[in-house]
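Enquirer: Okay, here's what each chain looks like letter by letter:
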Amino acid sequence: MNTDASTTDMDKWLSEKLDEMLPDKLQQIEEAKTPSMAIIATKGTLDWAYPPFILASTAAALGWDTSVFFTFYGLLLLKKELPCEVSPLGNPAMPMKMPFGPKWFQNISWPMPNLIMAGIPGFEKVATGLMKKTFKNKGVATIEELRSLCLEADVKMVACQMTVDVFGFSRDEFIPEVSEYVGATYFLPVAQKSDVCLFI
Amino acid sequence: MDGHLENRLAPADFDLPRGGAYSGHVDILGKPVRIDISAAALRALTRNRHPVMVEMELYFSCLIRKQVYFSELTEPRPESRDSSRILPGLYATFRAVTTSHCRIEDPGAKPPVEAMPIREPHRFVPDWLTIDHRRSGWKGEYGFSRYL
Numbered sequence: 218m219n220t221d222a223s224t225t226d227m228d229k230w231l232s233e234k235l236d237e238m239l240p241d242k243l244q245q246i247e248e249a250k251t252p253s254m255a256i257i258a259t260k261g262t263l264d265w266a267y268p269p270f271i272l273a274s275t276a277a278a279l280g281w282d283t284s285v286f287f288t289f290y291g292l293l294l295l296k297k298e299l300p301c302e303v304s305p306l307g308n309p310a311m312p313m314k315m316p317f318g319p320k321w322f323q324n325i326s327w328p329m330p331n332l333i334m335a336g337i338p339g340f341e342k343v344a345t346g347l348m349k350k351t352f353k354n355k356g357v358a359t360i361e362e363l364r365s366l367c368l369e370a371d372v373k374m375v376a377c378q379m380t381v382d383v384f385g386f387s388r389d390e391f392i393p394e395v396s397e398y399v400g401a402t403y404f405l406p407v408a409q410k411s412d413v414c415l416f417i
Numbered sequence: 081m082d083g084h085l086e087n088r089l090a091p092a093d094f095d096l097p098r099g100g101a102y103s104g105h106v107d108i109l110g111k112p113v114r115i116d117i118s119a120a121a122l123r124a125l126t127r128n129r130h131p132v133m134v135e136m137e138l139y140f141s142c143l144i145r146k147q148v149y150f151s152e153l154t155e156p157r158p159e160s161r162d163s164s165r166i167l168p169g170l171y172a173t174f175r176a177v178t179t180s181h182c183r184i185e186d187p188g189a190k191p192p193v194e195a196m197p198i199r200e201p202h203r204f205v206p207d208w209l210t211i212d213h214r215r216s217g218w219k220g221e222y223g224f225s226r227y228l
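Residue numbers (the numbering used here), protein chains in the order written: chain A, 218 to 417; chain B, 81 to 228.
It is worth saying that the hints were derived from the structure and are not from the lab. Some hints could be false.
[As the list claims (entries may be wrong)] Chain A is faced by these chain B residues, among others (derived, beta-carbon under 7 Å):
1) R129
2) M133
3) F140
4) L143
5) R145
6) K146
7) Q147
8) I198
9) R199
10) G223
11) F224
12) S225
Source: prediction; values computed, not measured. Ideal placement from N, C-alpha and C gives every residue a C-beta, glycine not left out.
All chains, please: the whole structure from these sequences, using the hints.
Expert: Right, here's the structure in full:
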């Protein structure tokens with residue numbers, strides 16, 4: 218009995234069969250797989266609150282499994298009362314335009330010296346109000362609405378427990394829909410397995 | 081939705097609360113949406129010759145934008161599950177769109193949109209819609225709130 222020859226023949230047959238069947242099988246698996254996205258949200262200002270919620274809600278709308286890990290200042294985006302503000306100080310990319318008045322007035326980009334932005338009390342509140350009005354004029358959904366959309370679409374909101382401890386928060390300050398309070402070692406494997414991982 | 085569209089809203093069609101405004105709920109894509117219609121809007125509806133369609137549009141792009149469009153229905157629409165009757169002569173629909181492409185040679189122009197392939201559209205239907213009518217025309221606003 219020539220077992221070496223039959224083993225070789227078997228290997229050859231198996232290899233040919235795999236070459237024939239495997240591409241289709243892999244494609245079927247790929248098509249049936251639900252895409253996934255993991256976002257690490259680290260910032261809590263008004264301007265930086267938009268990207269994680271927009272990307273998460275869009276991915277969820279498309280049927281992706283989406284998780285967002287809120288850590289460091291990003292944890293503020295999970296507070297019941299969203300405290301998001303924006304400062305133009307040290308933020309030269311922020312356009313200083315007025316969201317009211319005639320069109321020519323709205324198109325003026327006002328040069329604001331740092332001395333004014335840093336020296337006038339309440340300037341950040343003004344800048345925050347102007348940005349919110351600009352977005353409202355254009356019909357852009359608010360951060361609160363985007364967060365509601367994410368929750369409605371089953372986006373998993375994960376909070377960083379270490380940040381909660383360090384900043385002295387208590388869990389009842391946050392929305393009840395936070396799925397877990399965990400550390401980075403929990404979320405890193407989630408990020409590793411996801412198809413898209415974003416650090417914001 | 082009915083295949084036959086009532087043309088006009090008559091003041092006697094329903095009892096209006098004091099103040100003449102209307103509040104109620106309508107089912108859109110399987111989700112109850114709270115509707116608030118101002119007295120001015122109701123008066124405008126009774127004057128309208130044709131039914132009015134309120135289209136809520138959720139635009140997915142670099143930002144997520146909400147828009148409300150009003151149009152008059154001059155002929156009956158084919159029966160559809162996508163629009164709901166709020167009142168006689170007033171219908172509402174919701175759709176999610178996304179940009180089909182953005183071309184650099186079209187600065188300032190609105191990019192063309194296409195339907196957004198949402199897996200479960202009822203999850204993105206708004207929670208509330210307000211309708212008003214002023215001298216400049218119909219005004220609508222909608223929003224989302226988990227804690228209404």
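Enquirer: Give a verdict on every hint.
Expert: Hints versus structure:
1. Annotation: R129(B) was flagged as interfacial toward chain A, and the flag is violated, the nearest CB pair being 29 Å apart, outside 7 Å.
2. For M133(B), the suggested interface contact is broken, since its CB lies about 19 Å from the closest CB of chain A, more than 7 Å.
3. Evaluation of the F140(B) hint against chain A yields a held restraint, the C-beta minimum of about 5 Å falling below 7 Å.
4. Here the hint on L143(B) is kept, as its CB sits about 5 Å from the closest CB of chain A, short of 7 Å.
5. The beta carbon of R145(B) is positioned within 7 Å of a beta carbon in chain A (closest approach about 5 Å), and the interface hint is therefore held.
6. Contact between K146(B) and chain A, as hinted, is supported at the beta carbon level, the nearest pair being about 5 Å apart and thus within 7 Å.
7. About 5 Å separates the beta-carbon of Q147(B) from the nearest beta-carbon of chain A, less than 7 Å, and the hint is met.
8. Nearest Cβ of chain A to the Cβ of I198(B): about 5 Å, under the 7 Å cut. The hint holds.
9. With 7 Å as the threshold, the beta carbon of R199(B) comes within range of chain A, its nearest partner Cβ sitting at about 3 Å, so the hint holds.
10. Nearest Cβ of chain A to the Cβ of G223(B): about 6 Å, under the 7 Å cut. The hint holds.
11. A cut of 7 Å between beta carbons decides the hint on F224(B): the least distance to chain A is about 4 Å, and the hint holds.
12. Because the beta carbon of S225(B) sits about 6 Å from the nearest beta carbon in chain A, less than 7 Å, this interface hint is met.
Comparing the model with each numbered hint stated earlier shows that hints 1 and 2 do not hold.
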